[in-house]
Amino acid sequence: MTEYLNVGKIVNTHGVQGELRVMSVTDFAEERFQVGNELTMFKPGETKPTKVKILTHRQHKNFDLITLENVYNLKLAEELKNSELKIEKDRVQALPEGEYYYHEILGCVVFAEDGSKIGEVKEVLETGANDVWVVKDAKGKDQLIPFIPSIVLEVDVAEKRIVIEVIEGLLS
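Be aware that the sequence shown starts at 1, since it is given in UniProt numbering, and climbs by one per residue.
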């Protein structure tokens with residue numbers, strides 16, 4: 001069975017020519033929405049995904065605006081609202097050492113250097129300077145762990161295990 005990774009969600013239309021407003025959830029929007037690229041679209045309520053081809057791509061404010069092959073007017077575009085755009089997991093390129101995809105970090109268990117379990121990564125926040133991992137601890141409380149070398153000592157995505165240095169004031 002093919003595994004997919006989210007790259008964006010069609011949140012609205014833009015104009016009357018079939019352009020779609022996409023909320024991107026990928027660090028590689030230029031590559032994912034490149035003209036000629038194929039993505040897999042999952043429409044709400046439908047079980048079978050559809051292959052779609054990107055005809056145009058541009059950025060506008062915080063959105064990616066795309067047009068798709070055979071979607072050439074507002075009526076056709078409106079039918080695609082809330083659809084998820086995904087890419088096959090095996091089409092994702094390897095990242096340089098020390099960089100990770102969100103799907104690799106989510107679900108990892110975070111431990112302190114002494115081996116004590118802190119919790120599980122449930123979300124990744126982009127702050128501009130560095131990512132911050134939201135870790136739910138045993139009490140259900142969110143702990144914010146900055147992804148910086150002085151804090152994050154070891155990441156093993158295969159084992160879903162992260163080791164951090166717990167400095168004073170890091171955990172609440």
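Simulated from the structure, these hints should not be mistaken for lab results. Check the hints yourself; a few may be wrong.
[Unchecked claim] Cut-off 30 Å, straight-line C-alpha distance, at most; resulting in silico cross-link-like pairs (DSS-like, lysine-lysine):
id, residue 1, residue 2
1, 160, 117
2, 160, 122
3, 75, 51
4, 89, 136
5, 75, 9
6, 160, 89
7, 61, 139
8, 75, 53
9, 61, 43
10, 122, 136
11, 9, 61
12, 61, 51
So, going through the hints one by one against the coordinates:
1. 160 with 117: Distance ~13 Å between residue 160 and residue 117 Cα, so the pair holds.
2. 160 with 122: Given that 30 Å is the threshold and the Cα spacing comes to 12 Å, the pair holds.
3. 75 with 51: holds (19 Å)
4. 89 with 136: holds (26 Å)
5. 75 with 9: Holds, at about 18 Å.
6. 160 with 89: Holds, at about 17 Å.
7. 61 with 139: violated (39 Å)
8. 75 with 53: With Cα atoms ~18 Å apart, residue 75 and residue 53 stay inside 30 Å; holds.
9. 61 with 43: holds (25 Å)
10. 122 with 136: holds (7 Å)
11. 9 with 61: holds (16 Å)
12. 61 with 51: Judged against 30 Å, a Cα distance of about 27 Å means the pair holds.
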